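Student: The chain contents come next:
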Amino acid sequence: MVAGPVTAVLDALSDGAGSLAEVGRRTGLRADVVQAAAEQLVRMGRAQDCVLQFGCPAKGCGGCALSCALRR
Amino acid sequence: MAGDSTTVAVTKRPGQVATCHCAVANTGAGPGAPVIALIGAPNSGKSTLFNALTGARTTVGNWPGTTVEVARGAWRERTLIDLPGAYSLDPLSPDEQLTRDLLLADPDDRPDLVVVVADAAHLSRSLYLVSQVREHPQRVIVALTMLDVAKRHGIEIDTEALSEALGCPVVGIDPRRRNGLGELGQAVTAALKIRAPHRRRHDCCADDLAKADERFTWVAAAVDAGAADPGEDRLTFSDRLDRVAIAPVLGPLLFLVVMWLVFQVTTTVAAPLQDFFDGLFSGPVTDAALSGFAAVGLTGSWVEGLVVNGLIAGVGMILTFVPLMTLMFILLALLEDSGYLARAAVVTDRLMRAIGLPGKAFLPLVVGFGCNVPAISATRILGDSRQRLLTALLVPFTSCTARLTVYVLVSTIFFGQWAGTVVFGIYLTSIVVMVAVGLLLRRTLWRTMGTEPLVIDLPTYQLPTLRLTAAVTWTRLQGFLKTASGIIVATVAAVWLLQSIPAHGGTFGEIEVEDSVYGVAAQAITPVFEPAGFAQWQTTSALVVGFVAKEAVISSWAQTYAVDEPEGDDPGSLGQRIMADFAHSSGGHPGPAALAFMMFLMAYTPCVATLGAQGREIGWRWTGFGIVMQLAVAWLLAVAVFQVGSLWW
Numbered sequence: 001m002v003a004g005p006v007t008a009v010l011d012a013l014s015d016g017a018g019s020l021a022e023v024g025r026r027t028g029l030r031a032d033v034v035q036a037a038a039e040q041l042v043r044m045g046r047a048q049d050c051v052l053q054f055g056c057p058a059k060g061c062g063g064c065a066l067s068c069a070l071r072r
Numbered sequence: 073m074a075g076d077s078t079t080v081a082v083t084k085r086p087g088q089v090a091t092c093h094c095a096v097a098n099t100g101a102g103p104g105a106p107v108i109a110l111i112g113a114p115n116s117g118k119s120t121l122f123n124a125l126t127g128a129r130t131t132v133g134n135w136p137g138t139t140v141e142v143a144r145g146a147w148r149e150r151t152l153i154d155l156p157g158a159y160s161l162d163p164l165s166p167d168e169q170l171t172r173d174l175l176l177a178d179p180d181d182r183p184d185l186v187v188v189v190a191d192a193a194h195l196s197r198s199l200y201l202v203s204q205v206r207e208h209p210q211r212v213i214v215a216l217t218m219l220d221v222a223k224r225h226g227i228e229i230d231t232e233a234l235s236e237a238l239g240c241p242v243v244g245i246d247p248r249r250r251n252g253l254g255e256l257g258q259a260v261t262a263a264l265k266i267r268a269p270h271r272r273r274h275d276c277c278a279d280d281l282a283k284a285d286e287r288f289t290w291v292a293a294a295v296d297a298g299a300a301d302p303g304e305d306r307l308t309f310s311d312r313l314d315r316v317a318i319a320p321v322l323g324p325l326l327f328l329v330v331m332w333l334v335f336q337v338t339t340t341v342a343a344p345l346q347d348f349f350d351g352l353f354s355g356p357v358t359d360a361a362l363s364g365f366a367a368v369g370l371t372g373s374w375v376e377g378l379v380v381n382g383l384i385a386g387v388g389m390i391l392t393f394v395p396l397m398t399l400m401f402i403l404l405a406l407l408e409d410s411g412y413l414a415r416a417a418v419v420t421d422r423l424m425r426a427i428g429l430p431g432k433a434f435l436p437l438v439v440g441f442g443c444n445v446p447a448i449s450a451t452r453i454l455g456d457s458r459q460r461l462l463t464a465l466l467v468p469f470t471s472c473t474a475r476l477t478v479y480v481l482v483s484t485i486f487f488g489q490w491a492g493t494v495v496f497g498i499y500l501t502s503i504v505v506m507v508a509v510g511l512l513l514r515r516t517l518w519r520t521m522g523t524e525p526l527v528i529d530l531p532t533y534q535l536p537t538l539r540l541t542a543a544v545t546w547t548r549l550q551g552f553l554k555t556a557s558g559i560i561v562a563t564v565a566a567v568w569l570l571q572s573i574p575a576h577g578g579t580f581g582e583i584e585v586e587d588s589v590y591g592v593a594a595q596a597i598t599p600v601f602e603p604a605g606f607a608q609w610q611t612t613s614a615l616v617v618g619f620v621a622k623e624a625v626i627s628s629w630a631q632t633y634a635v636d637e638p639e640g641d642d643p644g645s646l647g648q649r650i651m652a653d654f655a656h657s658s659g660g661h662p663g664p665a666a667l668a669f670m671m672f673l674m675a676y677t678p679c680v681a682t683l684g685a686q687g688r689e690i691g692w693r694w695t696g697f698g699i700v701m702q703l704a705v706a707w708l709l710a711v712a713v714f715q716v717g718s719l720w721w
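Chains as they are written, first to last, in my numbering: chain A, 1 to 72; chain B, 73 to 721.
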């Protein structure tokens, strides 16, 4: 059975795709669908969306990638 | 077209069901008028459409979630309600819960028609909500906004084909320019005259992922039918820049150039300001303090020594780096805000993957370039304990901003106009050392370690904003000033105390530093650094103090040379005296010795706070292993650099 778009994106991420563009290449899905499916995975709690920064963010503790990742 | 409108907050008591027909029935077009609900994701143009149709003045912003209240107004003979922004009918917030409750209430209380406002530039995301609404027996119309933006991205939409695929009318509109509102009104009138269409079948599965798959399959089919794929032919500005920024060869080269520019600009532009502050602390501030102590009869006292040779010389020297750090933080903030940092991350992440380091370990390693302490804590994001351990051992090799101050001081003294390039080279070396040690540990201690994925999404390039850049810079500068006013002041006091205690007899505070506990202890370890070319107690003692915090290397030097002034009228500047000692200890090769010193500084234990974090995260046994490993790597690197460098230079 062929995996649906969300599962395909999740599988590509789990297999080490390093960017959404790479997920698109691996799954053959349109960039728009990949983006929306990735956002859906974040909403479902199956992936995380973090801001990448060298230091502490202006908005204070809890806003950096570290805090974001630790909240999982 | 426009009518009257009111904005009301819909509140629910526990157990009460929110409806579209009862709570605010006295507003809008009046009792009995058909109720039209506007729903859509935040920023889809929903509130703008509501304002255009009703003439209302509700909040229209560019931030997600601005529609936090239910606005209700009259649109011709209909009542129009503007429901809170929602990406889906799976509520994650009270706003989304309210939208779901209002839409899926009892059939008698539901709106008569739902207009889903969909962003044409993000069609798949927008149509997910349509797929969910179509699972219920509702009259639905899709109002497509942002068609101009979609067109710029090369997305051409066939509304008829899309309508057929979705099973409901689709109308293209531009609420800002009032385009398409007439057609929308006609579609609403027509839809209200017929019964609600059959709902879309969605009884395939119980699992959330399978449900989302089914919906997205339906969405993807609709998008394929109704929207031309821009494909690779229509590249945005960001796409074109990324052809270079994340290219396999050009990407790393560009990253190196950008980082070289950062260091070059930082060191050259900040130098005059740094000199100004240096002159300020060693001149007027010191003179004022000396005059003050003379006025109260404390000339030559230990208090004067602590304040003048300790606090003003030591802490003052660190404060001269405020302009440099400010400039560095500004440049890094600009890179972050512009979107380039994410590209740099992709480039370096690719390198780490290529050599087998866990992809997700990249995150703490990036944080480490700011400060090693949170970076050690960041290793918690790694699920595998061996990955956490390896990454925690590698973090100290990422060169934190505290070390930058020492690099800049030494590079400026020894390499003048090439200081920026030398500092850049040290940073580059720190990456190489980190990767080499990582590979060595993986091939010896952790051969079977797996990998954890990390996805770096690339934001669109944008012009950095002044507000965000200033805020980020200030936050980071505060951290630097906090260290200078806390840890460094305490360290300066401790160093002053040790420099005042005689090692072999004498009076407290009235001895040469060389004869103090501080000087004698430093002399005992100094021979270890002879092969590295900087075997002098003034520098080795500073390295020991550097265990507390790397900025303390500078304050320690400044204190030692301030107290230990040679005979004569002009003892020379701090830089001249450091240069003279390096020339002496290296046998006439001060350049290679200075490089060797910076290599040692880059690789040995960062600070006690990092050790504390390591002890907490990986235990003290591995922390001890890390200390020995870092000292060994640092010493070998320093010796190699000096021995090779002194052959030619």
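It is worth saying that the hints were derived from the structure and are not from the lab.
Computed from a predicted structure; not experimentally measured.
A virtual CB, placed ideally from N, CA and C, is assigned to each residue, including glycine.
Among the clues, some could well be false.
[Stated by the list, open to error] Covered by chain A, per the in silico footprint, the following chain B stretches (three or more residues, Cβ under 8 Å):
no., segment
1, 195-204
2, 604-614
[What the hints assert, rightly or not] Take a look, some chain B residues computed to stay more than 10 Å from chain A by CB distance:
no., residue
3, ALA177
4, GLY239
5, GLY244
6, ALA282
7, ASP296
8, VAL337
9, PHE349
10, ARG458
11, THR501
12, GLY696
Student: Could you tell me which of the numbered hints above are not met by this structure, giving the numbers in increasing order?
Tutor: 2, 6, 7
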